[in-house]
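Novice: Based on these hints, arrange chain V on the given structure of chain R.
In the order they appear, the protein sequences are chains R and V.
Sequential numbering of the first sequence, starting at 3, is according to our numbering.
Sequential numbering of the second sequence, starting at 121, is according to our numbering.
Careful: at least some of the hints might be erroneous.
What the hints assert, rightly or not - Now the in silico label distances, taken between C-beta atoms and shown as ranges:
{"no.": "1", "chain 1": "R", "residue 1": "A177", "chain 2": "V", "residue 2": "F280", "range": "54 to 64 Å"}
{"no.": "2", "chain 1": "V", "residue 1": "T284", "chain 2": "R", "residue 2": "S192", "range": "48 to 58 Å"}
{"no.": "3", "chain 1": "V", "residue 1": "V123", "chain 2": "R", "residue 2": "T39", "range": "51 to 61 Å"}
{"no.": "4", "chain 1": "V", "residue 1": "G304", "chain 2": "R", "residue 2": "L111", "range": "40 to 50 Å"}
{"no.": "5", "chain 1": "V", "residue 1": "L398", "chain 2": "R", "residue 2": "L37", "range": "45 to 55 Å"}
{"no.": "6", "chain 1": "R", "residue 1": "N159", "chain 2": "V", "residue 2": "A384", "range": "38 to 48 Å"}
{"no.": "7", "chain 1": "R", "residue 1": "L7", "chain 2": "V", "residue 2": "R212", "range": "31 to 41 Å"}
{"no.": "8", "chain 1": "V", "residue 1": "T288", "chain 2": "R", "residue 2": "V308", "range": "37 to 47 Å"}
The hints are simulated quantities; they were obtained by calculation from the structure and are not laboratory data.
This one's a predicted model, so the numbers in the text were calculated from it and none came from an experiment.
Don't be surprised by glycine CBs; every beta carbon is placed ideally from N, CA and C.
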Amino acid sequence: MIGRLTEGIRPRTLIILAALLAFFIVAPLFASDYLLTMLILIFYFAYTGQSWNIMMGFAGQLSLGHALYVGLGAYAAAALFVHFGMAPWLGLAVAVPISAAAGAFIGFLAFRFRVAGVYFAVLTIAVAEFTRIGFDHLQWTGASAGLFLPVAQYAHNDLWTLRGHPAMFYYVLLAATAFAFIACRAMLQSRMGYFWLAIREDEEAARSAGIDTFRYKMLAVVISAAMTSFAGVIYAFYYNNLFPEQVFNISQSILIILAPMVGGLGTLFGPILGAFVIETVAEAMRTLLQWFGVDLPGTNQLFFGVVLLFVVLAVPEGVWPWLSKRMGLMEREP
Amino acid sequence: MPVDIYLNVIVGGVLTGLVYGLMALGLSVIFGVMRVVNFAHGEMMTIAMYIAVALFSTFHLDPLVMLVPIAAVLFAFGYVLQAGLINNFITRPEYSQFLLLIAIAIIIVNTLLILFGPDSQNVQVSYAYDSFQLGPLIVDATKLHAGLTAVMVAVGLFAFFRLTRLGTAIRACADNYTGALVVGLDVKQLYALTFGIGAACVGAAGCMLLLIFDVTPSIGPAYTLLAFVIVIIGGMGSMPGAIVGGVLIGLTEAIAGLLFTPSAKSMFVFAILVLVLLARPQGILRSA
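Here chain R stands alone, though its shape is the one from the complex (with noise of 0.2 Å):
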C-alpha cells in the first residue's frame, strides 16, 4: 500500500514532505497565537480546498456551491450539540450523511438530466442560496440570528467536544489536510482515479470506453461533499457562531476554490499550497497597509483582487506546476 502510495514520487520530494510534516507539528510550539490563528485558516482552505478538488480537479464537474456542504456540516454538529449535547464526532455521523445526501441530490439532477459545465455550476450556487435562505427562516437554528455555541474553556482541551485552546483545532485540521492528501493520492491512484482523470479529459471518450460515467460522477459529488462537510463541523466548533448569511454564502464557495486554483488545478499539492500563497498574501497586504496607516475598508481585499489577477496572467496553470518544474519535484506522469 505504501509502496504504491510513493510510487513514482521523487525521493526528495519525500523527504522534502517528511520534513514538512514534522515541521508543522512542532509549529504551535513556537507560533504566536497571531500564526497559529492563521495556520489554522491556511489548513482549513488546504483541506476544503482539496476536497473540492476531487470534484473539479479529478472528474471535472464545476462545483461552484461548496459552501453548502459546509454548512451544512456545521449546521447539524452545531444544532446537535446545543440542542442535546451530542458530541461533534458523534454529530459528524449525522452531519456527514446529510451533507453527502445534499451532494447527491444534486449530482442526480444534475448528471441524470444531463446539466453540464456552466448551467452545473449554477446549479450548485442556486442550491447553495437556496439552502441559505432556508436557514435564514428555520427557527430551530436561530433562523438569521445565528446559531451560537457555548463559549469555550482555554483551561483544559477536551478533543472530545471539540472545546479548547486554539492549538487543538489546529492538529484536527492538520491531520485532515494529511489524511485528504493521502487519500486524494490513493484515490487518484484507484481504477475510479483513473475514471475520473477520463471523464475529466472527455466525457464522450469515457463513455464509449465502457465507463459508466454517471455512477463515477456522482462518486465524486458525493465523497467530495463529505469530506468538505468534515470541514464544517470544524469551522462551527472553532468559531463558535454560526449565521446562514456567512457560512452558505457563495464568498465562502469561492474562498474554497481558490486555493486549489491558484495552487494548481487536479494536483495533489496544488490545494495547500494554494492555501498557503493566498493566505499569506492575504496578510501581507493586511500588515503592509497597517503599516502604512491606511484603514479604508476593502483595500486589503482589493489588492488581494489585484493579486489574484496577477496569478492568473502569469501563473495560469497554477503556483505548485510552474514552482514543481524550477525545482525538479515533478512526478512522473501517471
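Specialist: Relative to the frame of chain R, chain V by itself:
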C-alpha cells in the same frame, strides 16, 4: 385579498422583470457570441449604479436622463476589458476564465467599497412617489419609466443585431468562429465590441434598477447570480429568452413576496431554475 392587489403586484413584477431582462440580455449577448461567462456581470452593473448615484447627488441628474452617457462609459469599460484581458483567455479552459472574472469582480466590489463606503445608497427622484391610475390599477411611476426604457433599449439592441452590418458581423462570429475569420472579419475587435455592448446593456439596466432598489458595493454577486438564473431559464445566448426569463423572474419575486415573506422570494426563483434545468435544460425559448 382583493383582486386588484394581485393585479398591481403582477404589473409591478412584470415592469421590474423587464429591467432584469435587460440586465440578463447583456450576459446573454456576451455568452452567445464569445462563450465567455461574465462572472463580473452584477458587479459591472453596480459600477453604473454608483455613477448614477454620484451624478444625482452632485448635479441632480436623473438616472434615466444620464442613461446614455453611463451606458457609454460602461461600453468603454467592457471594450477595454475584453480587448486588454479577456481576449487572451478566449481559448483557455472555462475555469481559467472564471478565475479571471472573479478577480475582476473582487477588484470592482472593493474599489466601490473604498470610494463609496459600505452603506446602501439610492436616488430620490422627484417622481419617486408618483403613480398612475388606470381603473383599479395603480402603477408606480418609477417602475413604469424603468420598464418602458428597458423595452426601448432591448428593441434597439434587437434592431442592431438584425438590421445593421456590424450586428450581422457579430452574429457571424457567434455562429462560426473560423468562418468569420475566413471571410476577413476582425474577430477580436468584434469580440471587444460585443463585450462593450453587453456592458452597456447592464449599465443601462443599472440606471433603471436604481429607481427601484438601493445599491451597496456588495450587492454585485447577487445580481450576477440573478442574471445567470434568468439567462439559463430563457436559454443561454437567446436574446428574446433573456427578456422572457427576466419577466418570469420579476413576476415570481413579486408574487412570492406578496404570498410569503419578501425575504424568501429568491427561494422561489431558485426553485424555478431547478424546474427549468430539469424539464428544459436548454431554456424555455431554445430548441434542443
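Novice: Now tell me, hint by hint, if it's right for this structure.
Specialist: Tested hints:
no., hint, verdict
1, R/A177 with V/F280: 54 to 64 Å, "holds, 60 Å"
2, V/T284 with R/S192: 48 to 58 Å, "holds, 57 Å"
3, V/V123 with R/T39: 51 to 61 Å, "holds, 59 Å"
4, V/G304 with R/L111: 40 to 50 Å, "holds, 45 Å"
5, V/L398 with R/L37: 45 to 55 Å, "holds, 49 Å"
6, R/N159 with V/A384: 38 to 48 Å, "holds, 41 Å"
7, R/L7 with V/R212: 31 to 41 Å, "holds, 33 Å"
8, V/T288 with R/V308: 37 to 47 Å, "holds, 39 Å"
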